[in-house]
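As you go down the protein sequences, you meet chains A and B in turn.
Throughout the first sequence, residue numbering follows this note's numbering, covering 13 to 390 in sequence.
Throughout the second sequence, residue numbering follows this note's numbering, covering 2 to 434 in sequence.
No lab work stands behind these hints: they were computed from the structure.
Ideal placement from N, C-alpha and C gives every residue a C-beta, glycine not left out.
Any given hint could be a false lead.
[Claimed, not checked] Where chain B lies over chain A, by a calculated footprint (3+ residues, C-beta under 8 Å):
(1) 98-110
(2) 331-337
(3) 354-364
This is what each chain is made of:
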Amino acid sequence: MTLPRAAPPREKARRDEAERLDVEILSAIGGGWQDPLTEGEFDRLAREVFAHQFRFIPAYRRLCGLAGVSAPADVASWRGIPPVPAGAFKVGRWATFPPDAEVAAFRTSGTTREASGVHRLDTLGLANAAILKSARRYVVPDRDRIRCLFLSPPPGSARESSLVHMFAVYAEAFGDPGSAFALGRSGGVAFPAALDAAVSEGVSVLVAGAALAWLGVLESSAGSWDLPPGSRALVTGGFKGAARHADPGALAEAIGARLGIPLSHQVQEYGMTELSSQLYDDRLRRALGFDGEPSTEGFRVPPWMRVRVVEPFSGRDVEPGETGALVHVDLANRGSAVVVQTSDLGAAVEGGIRLAGREPGAESRGCSLAAELWLGRG
Amino acid sequence: MTRSVTGPVEVGERVRALVAAGERLRARRLEEVLEVVAEACRLWRGPGPDREAGEHALAAHYGVPRPAIAEILDAGFGSWTVGSLRDWVAGELGDPTVMDGFVPIGGAERRTFGPRLAVFLAAHGVPTSPVADLISALCVKSSAWLKPATGADDLARRFVRTLSEIDAGIAAALLVEEWGKGEADGELILGAADVLVATGGAETMLAIQRKVSVETRLVLHGPRTSAAIVLREALDADSGAVIAALARDTAFAGQMGCLSPVVAYVEASPRQVADLVEPLHAACVQRWPSAPRAQATLAERAAFAEWRSTAGVEAASERGSWRGDVDSAWTVVARRKAGPPDPPPVPRMLTLNPLEDIVDAVDLLAARRDTIAAVGMSGPADRVTDLAGSLAEVGVERICPLGRMQCPPAAWRRDGRTTLTDLVRWVDRESGR
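With the rest of the complex left out, here is chain A:
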């Protein structure tokens, strides 16, 4: 019998620190909106995660050095944590942990494997908790389970997709036994047949997919359905990479016309492979009359996240309501980059962000070149 080798002291220190942080982060996620982190608690935890990443990612230490941060103590608030550009996930191995501790690796879109980035995780616990907490609030706030139809391949044939992983978490947590992955090589269920079944059985259904997958299934199937009340759609993507090709307004209209799902029940999600947490709009919650929240626009930022809107070159926060580049602070990114710099544009709104020019579900204007073309704007 071979005994497992004891971890070297530095690795043990890393693991112990990671475990301690994970307990705190899971507690923050678990507290969710009922018991949200105070600004002070968020600040402390964000800086502790930053210090952990500073210690265990040499490339990040060098990046911090370029930003004038030579030690974690140089950072006085979470707003001062040097952001990691999303592109850095394409450069080397951006993780606090050694390869043998890796449990998942989600790959960003790219023209080649070399051109894509990789978000490596040493635990799925944080990501799964974040996925579920937000989905329960914004996608299924009104029920324990729902039949899910995912416009994606099944998890077994898309292990590198963070989106498919998110759907797998949905399926396990609140998908009823008729749930299915509608695309892919094995175990796929035809989109029209699944909708036919939902209609004939009178079962409300969640249809979820990336904007481009939605376009694909709507264009490849001729029928239309009047899905039972309570049915809902989730549209994700449409903001980065290939999914940019979708026109959100036209897609929302098509989902309403073809599936009988009103705009009020078409939840929009904003996520990135480089993040562990997601942002949703709260239109479904509002439509279902939950907790009398004020009417809001844009994507809601969960309590364990913050989003800065900055002037790209200076990195300084812009005035509230002004458009800038988005910098995400996600505590659930404990093993990679707690602060991620993007080239996405948006503006801060009360409790959330509005993406610039790409407000999904809005009228078919200003969302893409498609709209621009047909509205005569180029």
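Based on the hints, put chain B in the right spot on chain A.
This is chain B only, laid out in the frame that chain A set:
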């Protein structure tokens, strides 16, 4: 700023006028039309009031000195002469007179007709590209409505005015105007078009495919990039000439066209390639000195900021070096390890890739198969010839000497396809004997 044509009455009137002018155009001999087009191009080649005013206007529009604009006009209008236009038509249709009547071609009596109305949707790019669209329509005696990209320069309108002064009848078959907001005007115009030619990004292409009826012939020019290849012998013989040629191709029209290389594969060590960054950056800035990135749009600034931070990570990992920060319009990057020819995150960026054996460039270019518009090469003829065969195999659409990437002939087979045959309708006549 011009007003767009708006509403069914105005749009209908313009379409009817164009179709009527197209009918009159069709009754004229093609040779006569080509001579008028060539004369208009001649006026834009040499000194004269149209050229003078055009250079001033475009220089102001793009914020660059006149010589940068002059280079664009020389390259475009220099390629359109009576002879080159005639060769273009003959090369694609077999015999220019096939546009005027039946002629024996390919074992049959044939003639061709251009569309009654061709609609061109232009994208932001090299200023002479919309002019090329209009000329292609005239080469098949078609009327044309060209919708310029929003905020585009007005070179196409200026060219139509020049044509009008030479031959108002021919110019009447061309219209360069935007149409009104809302779908109705667009549907009305496209409903009248026999052919729609669209240039743009993937989003535009998808949207158009969904909107156009099956009766309308659709010609789509989607996203393309280009690359340069520098062989060891060329660099060793005269690195200054290589830098000048590469900068000329890259900086032409601010890298707005699909023929501008966004990557260069250089058969040299990473150190040698890094040494090219500084002079190439300087040459690009000198050729197209537009405003620095600090004054660019928010989207460009955000994309550049993310790229710059990533480059900082790469530099920290010793993966590359670069020149051209926010105070410059241009950025030149030297990678330590070669990568595929991905489109750059921001305009006016050139990435240099070192390769020990240039043959590896073929595999890298194959990663973006059928989207490489052009490869400009510098090196000894035998090696260039060998490489050309391999590049053609992986879908490269045009191969030319470095420094000549921006000077395609009139008959250039853009996107690897013919231009005029995409527009015309053939008629075969059989005698019954």
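So is the stretch 331-337 of chain A in contact with chain B by the C-beta rule, three or more residues under 8 Å, or is the coverage claim wrong? holds (count 3)
Annotated coverage of the stretch 98-110 of chain A by chain B, confirmed only when three residues or more have a Cβ within 8 Å: Our answer is that it holds, as 6 residues pass the Cβ test (under 8 Å) against chain B, meeting three.
Okay, the stretch 354-364 of chain A and chain B, do three or more residues pass the C-beta test at under 8 Å? holds (count 4)
Of the numbered hints given earlier, the model fails none.
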